[in-house]
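Colleague: Just need the whole structure built from these sequences, with the hints factored in.
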Amino acid sequence: MAGRGSKWSREETLAALFLYLALPSKKVDDTNEDVQALAKAIGRTPGAVALKIWNLASFDERRRARGKVGMTHASKMDKMVWAEYSSAGDELVEEATEVFLNRFDFKEPLSDELKETIGFDLPEGKEREAIVSMRVNQEFFRNTLLVNYDSRCCLTGLTNKALLVASHIKPWKVSDPKTERLAPDNGLLLNALHDKAFDRGLITITKDLKIVVSSVVEHETPEDEYLWRYNGEPITLPKRFAPRAEFIEYHNDMVFKG
Numbered sequence: 001m002a003g004r005g006s007k008w009s010r011e012e013t014l015a016a017l018f019l020y021l022a023l024p025s026k027k028v029d030d031t032n033e034d035v036q037a038l039a040k041a042i043g044r045t046p047g048a049v050a051l052k053i054w055n056l057a058s059f060d061e062r063r064r065a066r067g068k069v070g071m072t073h074a075s076k077m078d079k080m081v082w083a084e085y086s087s088a089g090d091e092l093v094e095e096a097t098e099v100f101l102n103r104f105d106f107k108e109p110l111s112d113e114l115k116e117t118i119g120f121d122l123p124e125g126k127e128r129e130a131i132v133s134m135r136v137n138q139e140f141f142r143n144t145l146l147v148n149y150d151s152r153c154c155l156t157g158l159t160n161k162a163l164l165v166a167s168h169i170k171p172w173k174v175s176d177p178k179t180e181r182l183a184p185d186n187g188l189l190l191n192a193l194h195d196k197a198f199d200r201g202l203i204t205i206t207k208d209l210k211i212v213v214s215s216v217v218e219h220e221t222p223e224d225e226y227l228w229r230y231n232g233e234p235i236t237l238p239k240r241f242a243p244r245a246e247f248i249e250y251h252n253d254m255v256f257k258g
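Note that our numbering has the sequence shown beginning at 1, numbered continuously upward.
Read the hints as simulated data drawn from the structure, not as lab findings.
The C-beta atom is built at its ideal place from N, Cα and C for all residues, glycine as well.
You can take every hint at face value.
FRET-style restraints, in silico, Cβ to Cβ: (1) SER9 <-> ASP199: 34 to 44 Å; (2) HIS219 <-> VAL174: 23 to 33 Å; (3) VAL174 <-> LYS207: 15 to 25 Å; (4) GLU225 <-> ASP29: 41 to 51 Å; (5) PHE106 <-> LYS196: 32 to 42 Å; (6) SER6 <-> LYS115: 24 to 34 Å; (7) PRO177 <-> GLU113: 17 to 27 Å; (8) SER9 <-> GLU225: 51 to 61 Å; (9) PRO222 <-> GLU246: 25 to 35 Å; (10) SER6 <-> PRO234: 53 to 63 Å; (11) PRO234 <-> PHE106: 41 to 51 Å; (12) ASP29 <-> ASP112: 14 to 24 Å; (13) LYS196 <-> ASP29: 28 to 38 Å; (14) LEU163 <-> LYS76: 37 to 47 Å.
Modeller: Shown next, in the form of structure tokens:
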């Protein structure tokens with residue numbers, strides 16, 4: 001356990017990176033229970049942990065592109081860890097996950113949301129760490145899209161977050177883990193129904209960001225109401241990070257059923 005005011009170790013910095021990726025940015029402050037839990041575990045103040053998270057955020061180009069600059073007091077360790085994350089992608093997230101799960105003795109309770117992400121129901125070991133790191137990445141991707149699309153389905157305008165899904169345009173499993181999986185321009189914020197239709201290739205988007213319905217979808221009353229009514233309709237544009245043409249092309253060519 002580090003003393004207050006001492007330099008942050010690499011493991012402590014990785015634990016802060018884990019929280020940066022796992023938590024919505026608006027929840028990162030010294031009152032957050034997960035921030036407080038990590039602070040207690042490493043012998044630092046909640047304010048110091050929150051500051052460390054924002055120092056790491058200062059290197060995130062995705063935030064900079066939204067006009068968010070983060071803090072300006074990042075350390076050499078912060079810079080080094082972020083450089084590793086930028087080059088190693090999922091590999092470093094898995095290491096950060098292992099550190100967060102196994103290297104600290106948490107005395108304070110974690111939030112229910114983070115417990116769900118961590119998956120205490122999963123068996124311990126490498127498989128659990130891989131699953132949790134994937135969940136953390138997906139949670140970060142979802143939080144990014146919620147900001148980018150103002151927490152609204154880009155097709156229907158639905159705002160119930162429980163029904164909103166961060167959809168990958170180029171599917172997660174074939175996206176480059178270093179450059180594509182978390183790219184905000186590789187995502188659409190859709191409601192659960194249209195996310196499934198998009199994932200199954202029943203709908204797609206064109207380069208001018210309009211919806212196209214597959215010819216395999218029959219013209220029946222439910223399909224007309226929930227799918228065909230949107231054919232040719234434009235999606236709501238995001239604040240930034242409009243869908244990238246190469247990802248749209250991939251979905252058109254490899255996922256959409258035509």
